[in-house]
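**Student:** If you want the building blocks of each chain, they are given just below.
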Amino acid sequence: AQTVTQSQPEMSVQEAETVTLSCTYDTSESDYYLFWYKQPPSRQMILVIRQEAYKQQNATENRFSVNFQKAAKSFSLKISDSQLGDAAMYFCAYRSGGTGNQFYFGTGTSLTVIP
Amino acid sequence: GAGVSQTPSNKVTEKGKYVELRCDPISGHTALYWYRQSLGQGPEFLIYFQGTGAADDSGLPNDRFFAVRPEGSVSTLKIQRTERGDSAVYLCASSYRIAGGPTDTQYFGPGTRLTVL
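Order-wise, the sequence lines are chains L and C.
Counting from 1, one number per residue, gives the positions in the first sequence under my numbering.
Counting from 1, one number per residue, gives the positions in the second sequence under my numbering.
If we strip away everything but chain L, and leave its shape as in the complex, we get:
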């Protein structure tokens, strides 16, 4: 089974600064997708960004970008110009390509934004 590891249980960042959340994964597959989800105290999992493994270009969504290193099996999330509303749990997730459907999640990183 695939495993997803988030080695930072907690992170903090000053408002307007940049922070990077780490994620590594273990797989023998070549076709897969990676995701970052945000979970605020409301429990609602919100998609932040996704990356297809076959794409070499790193995905970007406004202030959120990833550093996808396929050979190293690393998928970090960079949040620029951090805002108070970014405070939440962040989960990295892996999904097989093809007809794969199951998501494998990491244990999450709790992000605090300091005003």
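It is worth saying that the hints were derived from the structure and are not from the lab.
Only a predicted model underlies this, so the values are computations on that prediction, with no experimental measurement involved.
Ideal Cβ placement from N, Cα and C applies to all residues, glycine included.
Just so you know, not all the hints are guaranteed correct.
To be verified - Label pairs and their computed distance ranges (CB to CB): (1) L:40 - C:38: 12 to 22 Å; (2) L:16 - C:115: 38 to 48 Å; (3) C:113 - L:10: 21 to 31 Å; (4) C:76 - L:57: 16 to 26 Å; (5) L:78 - C:68: 36 to 46 Å; (6) C:105 - L:73: 14 to 24 Å; (7) L:84 - C:68: 38 to 48 Å.
What the hints assert, rightly or not - Residues from chain C that keep clear of chain L, each with C-beta distances beyond 12 Å, as calculated: (8) 44; (9) 56; (10) 89.
Place chain C on chain L using the hints.
**Tutor:** Just chain C now, kept in the frame of chain L:
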């Protein structure tokens, strides 16, 4: 509302009781998933439906857990003889499946927090 909804938002029950958790997916999404999230952990896969049938139930922990989706829309997760270890947040997600291909991004509901006393 256009999102995934789950009811109830919180459920408290006693050990040994039976509970049902409901999920209303996004309209048009044929794929539906159930996950369990224990305190301090990421969501763990339980079961996946494509239409009315359970395409993958490999994550169900034991035969006390069962889920149905009789009309291919709303799904109910059923837990018999609840145990204290079943206490967790149960998340539902839905996605659109590309014909003949993989499912698209999963969209999650707010979850049901189950507490077994």
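**Student:** Of the hints given before, which are not true for this structure?
**Tutor:** 4, 8, 9, 10
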